[in-house]
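Taken in sequence, the protein lines are chains G and W.
Heads up: take any position in the first sequence, counting from 1, add 205, and you land on the working numbering.
Heads up: take any position in the second sequence, counting from 1, add 40, and you land on the working numbering.
Don't take every hint at face value.
Covered stretches of chain G (chain W as the covering partner; in silico rule of three or more C-beta atoms under 8 Å from a C-beta of chain W) [what the hints assert, rightly or not]: (1) 270-283; (2) 286-293; (3) 304-313.
No lab work stands behind these hints, which were simulated from the structure alone.
Bear in mind that the values here come from a model prediction, so they are computed numbers and not experimental data.
The C-beta atom is built at its ideal place from N, Cα and C for all residues, glycine as well.
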Amino acid sequence: MSAPSLSIEHVSKSYGAVHALDDVTLAVDGGECLALVGESGSGKTTLLRCINRLTEPDSGVVRVGDLDVISRDAIELRRSIGYVPQEGGLLPHWRVRRNVELVPWLRGSGNAGRLADDALDMVGLDPGTFGTRWPDELSGGQRHRVAVARALAGGQSVLLLDEPFGALDAITRHDLQHLIVELRAKRPLTVVIVTHDVHEALFLADRVGVLRDGRLEQLAAPDVVKRAPATSYVAQLLARSDLLRS
Amino acid sequence: MISGNFSTMRAAATGALLGLVITLPCAGMAAQDSTRSGIGSGRSVIVGSKPFGESYLLAEMFAQLLESRGFSVERRPGLGATTVAFDALRSGSIDVYPEYTGTGLLAILHEEPRGGAREVFAEVQRRFQEQYALRWLPPLGFENGYAISVRRETAERYALATLSDLARIAPQLSAGLSPDFIQRADGLPGLARTYGLSFRSVRPLDQALKYRALASGAVDVVDGYTTDGLIARYGFVVLADDRHFFPPYEAAALISDRLAHEQPAAVAALTLLSGMLGDSTMRALNERVESDHEPIPRVASDALRAMQLVGMTSDSENAARVSGSAVRTSFVRYLWDRRATLAAQAIRHIELVGFSLAAAILLALPLALLLERASGVAEPVLRVLGLLETIPSIALLAFMIPLFGVGFGPAVVALWLYSLYPIARNTYTGVRDADPAAVHAARALGMTPMQVLRFVRTPLAAPSIMAGIRTAAVIDVGTATLAAFIGAGGLGEPIATGLALADTRLILSGALPAALLALAVDGLLARVERWTTPAPLRNRSVR
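Here chain G stands alone, though its shape is the one from the complex (with noise of 0.2 Å):
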């Protein structure tokens, strides 16, 4: 069993005259780790949330595997895919279990209890203490890992995960950062990952992908991008960060 890969071609998206993404064309192997990196309203997150149709594209086509999304259902498709969004979005009136189970709910599957238990075991948290607890009496690590176990519950192999960590702290972070490194070892899992911490994408990333105002600057793996800025942006973006590091 494999991960399916993701393409984008040609895909443009605007909000009245805002080019949110202006022909951008990259595509993701099975199995890759690909970073979307860029600042507030580089268009990083309409080109992730095109994936599983939260957004739609103005033109342009996107695949995963060799499916074209547009000829899929779009809440069918959603359900095969994995998505974490920021701050988790846990549903505080469900316990964590429930949380867990909802996509092999939503499937009809009967045995969405053991999945989720399944799953909860594979994030690192017991099921029988967090089974029962309710999203407000977890810390905010567990919470994300709870978001985490929820979007693979249904055995996706597509993950996707909507700056997901940016409002932890530094050692948190790192704790689920490693989490995700563990799980692609673990599974076939192809993973899109945007965040506004250029380290994050270095550390994580097979490739990563420069986004400003809509097109791609560069799209590279890590040493490349690190040693060889395309351009004098990509070069400000690294050398900002580390500022910031430091």
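Fit chain W to the supplied structure of chain G, relying on the hints for placement.
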């Protein structure tokens, strides 16, 4: 799926509760309908009155007279004011109520006052038949027109017998007049012009205070009605209208065409009262009601017996005797003696609130959820519902009469209209503003819009929805007290009657239970709110 049952159970429980709210009053209605239809021959005669002592008393006399002749009677006392009672009669919600010829001429036909008692009666009789198909029965025998009164000592000192006499010394006297009398063309301005009257001072005084002010010497002249019971009690002198400025206000039964055609025997029974009640008789009866606070049913039955129109004992009289014994007892004892009536009024009140609230929930809740899906029209729709809130309750109730008549139904409709906005607004705001992160995640992971609404937005909005229902319920309990003015009964009935008779204990006997009911309803719904709110949101909703 164990945890999946959690929200299903809650939904089922909420549904069951809603069902209970709806079916309880339904059962009550069904019971009422069965008693109504259970009456043997023909429909019962519905007797109405306006909300003041004499009107209550005359209506009660009509009712007891009809009952003594074997008719079943429904009482709708205290209908708003002239328009409310008149509209009720025209729409067929009542069959008969006591009215005054002068009121018919001026307030209903909007004619200028003219002619003597006989001409006015002939005029209203003809015009009402032509325009409204309503019939005036022959007058009862007394007039209740405007009466200008002075203290006996004032009358003796200045030798006052007529208004022309009064005009001579008016510049030395101060008058205390009701505010509308001071304004109306057929009040002070016309009076001053006809008689050349000009008082030293004119003070606007409330109806209830005027006679006391006159007795104490604070004013020298007051207006009032010829049959006011307090005129006799204080021994005031009513000055004769020697230039016939005031139109005649002869009292008579005003009946619907339907009653005239379908139950001629009832009309014949009512006609027995024609010509039987003179000015002084009526004044004495009014005094027993207004100053002695004797129960109206007893005063009515005494009067009918004195005229030998009914036999020596009747059930209503016995009942009146029992409640009459409470006149000079403690308030607690007074409430206890009225417990059966109060319980029935409280149950009717709960039915009014229960029905209107249940109907409002059934419409406003789905409507608000629909508006969340069609946010473009949400604000305009909610603003229209909000406009309903700005209509004064009594006006909204009055608007119901031409559409639905008087009684329980139209009151429920009016209360229902009032309840829509708080429920719809709170529900809409609650679902719209439900935790955006949770809503976004649910959508992104493949919930359909309906699933997002049902499993995420609505449960998260539960505290807000319940707050709206609580607001509506408390407003309803309060507003329902006004429903008595259109004959819907409930705890407003003793309040309205008590206000008309200046009987504080009667007012309190309705107002206190109504206040307790509002507290109880709010407390009960607070528990329901706790129970429908998802556990982790409970503390937040308290904040």
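- Item | Earlier hints that do not hold, by number | none
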